[in-house]
Amino acid sequence: MAEKVYAGKTVSVTDDGYMSDPNQWSKEIAVEIANEEGLSLTDKHFEVIEFIREKTVKGEALTIRSIGKSGIIDTKGFYELFPGAPLKKATRIAGIAKPSSCV
Amino acid sequence: MANIEHPIKKVMIICAKASIEDVYAALVMANGAVMEGIEAKVFFTFFGLDAITKKQMKKLHTATVGNPGLRMPGGLPFPTLLGMLPGVEAGVSAMMKSQMEKLDIPPVDEFLELITAGGGEIFACKLAVEMFGLKKEDFSEHVKDIITIGQFYELAAGEGTQIIFT
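Protein chains in written order, with the working numbering: chain A, 14 to 116; chain B, 40 to 205.
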């Protein structure tokens, strides 16, 4: 387990760069992780991130399909917000574990 | 650990059969690629065309005869004679679909939408389309084009491409 400094705070991260304690997360940290991914976050990004965090706290499985049905954004929009690998990028920015879903 | 020097950049997936398991293997692989930021193109041919024709895509079945992997709930082998009875194959197929829904695996049409929303592309094989007497309008709106095998190989061009026959 490694440690990293984001927004002046030391947080623990996995080898893949995912935060291992979601409680250490803050919006300022999200902005810095997003910078590493080459993204600057908008309000829409944060809406999606909040949704992902809420779903994870409830222990529900996270899939691209469920985000597409969230009412916040459709699947295409999700791919546009987090280009490349949306679920991996969004969860990393949201400070939660790397997704383990196959769909 | 992933080999970052030679990542897979593109997958070309071929689906030639219409059973639930064959079609979903292709769809899960294609969608999984798109989720990872890998370019994905799926080529449906022969009976696989059922998965992308509007008339058949919602009626896919799994074989209850000649399918040694199929078991009764509880694990006993599924008797071939039972599999022959009318309605049994439809019932087993419906059960499989409801199990998949529980895992948030979408129905075929929605799965195609997910894949194309992520930039994946769906193609129908020209030869098979002609063989089955199908037309462009018979296919799902998510089908990008009807192409020849030559065009398929042209699309496959580039470093880091893998061709996968499910």
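Heads up, a few of these hints could be off.
What the hints assert, rightly or not - When the alpha-carbon atoms are kept at most 16 Å apart in a straight line, the in silico EDC-like pairs for lysine to aspartate or glutamate are as follows:
hint	chain 1	residue 1	chain 2	residue 2
1	A	K89	B	E140
2	B	K136	B	D61
3	A	K89	B	D177
4	A	K89	B	D61
5	A	K68	B	E60
6	A	K111	A	D28
7	B	K56	B	E140
8	A	K82	B	E60
9	B	K141	A	D28
10	B	K94	B	E160
11	A	K102	A	E49
12	B	K94	B	D148
13	A	K89	B	E78
14	B	K136	B	E198
15	A	K111	B	E75
16	B	K56	B	E78
17	A	K40	A	E73
18	A	K89	B	E75
19	B	K183	B	E152
20	A	K102	B	E44
21	A	K101	B	E75
22	B	K97	B	E78
23	B	K93	B	D143
24	A	K82	B	D143
25	B	K97	B	E160
26	A	K111	A	D87
27	A	K40	A	D29
28	A	K82	B	E75
29	A	K82	B	E180
Claimed, not checked - Short derived list, chain A residues pointing at chain B, Cβ under 8 Å:
hint	residue
30	K17
31	V18
32	G21
33	T23
34	F59
35	V70
36	I77
37	S79
38	Y92
39	A98
40	K111
Note that these hints are calculated values from the structure, not bench results.
Don't be surprised by glycine CBs; every beta carbon is placed ideally from N, CA and C.
Here is what the structure says about each hint:
| no. | hint | in the structure |
| --- | --- | --- |
| 1 | K89/A x E140/B | 21 Å, violated |
| 2 | K136/B x D61/B | 14 Å, holds |
| 3 | K89/A x D177/B | 25 Å, violated |
| 4 | K89/A x D61/B | 26 Å, violated |
| 5 | K68/A x E60/B | 30 Å, violated |
| 6 | K111/A x D28/A | 11 Å, holds |
| 7 | K56/B x E140/B | 21 Å, violated |
| 8 | K82/A x E60/B | 25 Å, violated |
| 9 | K141/B x D28/A | 31 Å, violated |
| 10 | K94/B x E160/B | 20 Å, violated |
| 11 | K102/A x E49/A | 10 Å, holds |
| 12 | K94/B x D148/B | 11 Å, holds |
| 13 | K89/A x E78/B | 15 Å, holds |
| 14 | K136/B x E198/B | 37 Å, violated |
| 15 | K111/A x E75/B | 12 Å, holds |
| 16 | K56/B x E78/B | 23 Å, violated |
| 17 | K40/A x E73/A | 22 Å, violated |
| 18 | K89/A x E75/B | 15 Å, holds |
| 19 | K183/B x E152/B | 12 Å, holds |
| 20 | K102/A x E44/B | 20 Å, violated |
| 21 | K101/A x E75/B | 8 Å, holds |
| 22 | K97/B x E78/B | 26 Å, violated |
| 23 | K93/B x D143/B | 22 Å, violated |
| 24 | K82/A x D143/B | 11 Å, holds |
| 25 | K97/B x E160/B | 20 Å, violated |
| 26 | K111/A x D87/A | 21 Å, violated |
| 27 | K40/A x D29/A | 20 Å, violated |
| 28 | K82/A x E75/B | 20 Å, violated |
| 29 | K82/A x E180/B | 20 Å, violated |
| 30 | K17 | 19 Å, violated |
| 31 | V18 | 24 Å, violated |
| 32 | G21 | 30 Å, violated |
| 33 | T23 | 25 Å, violated |
| 34 | F59 | 21 Å, violated |
| 35 | V70 | 18 Å, violated |
| 36 | I77 | 6 Å, holds |
| 37 | S79 | 6 Å, holds |
| 38 | Y92 | 5 Å, holds |
| 39 | A98 | 4 Å, holds |
| 40 | K111 | 12 Å, violated |
Comparing the model with each earlier hint shows violations of hints 1, 3, 4, 5, 7, 8, 9, 10, 14, 16, 17, 20, 22, 23, 25, 26, 27, 28, 29, 30, 31, 32, 33, 34, 35, 40; every other hint is respected.
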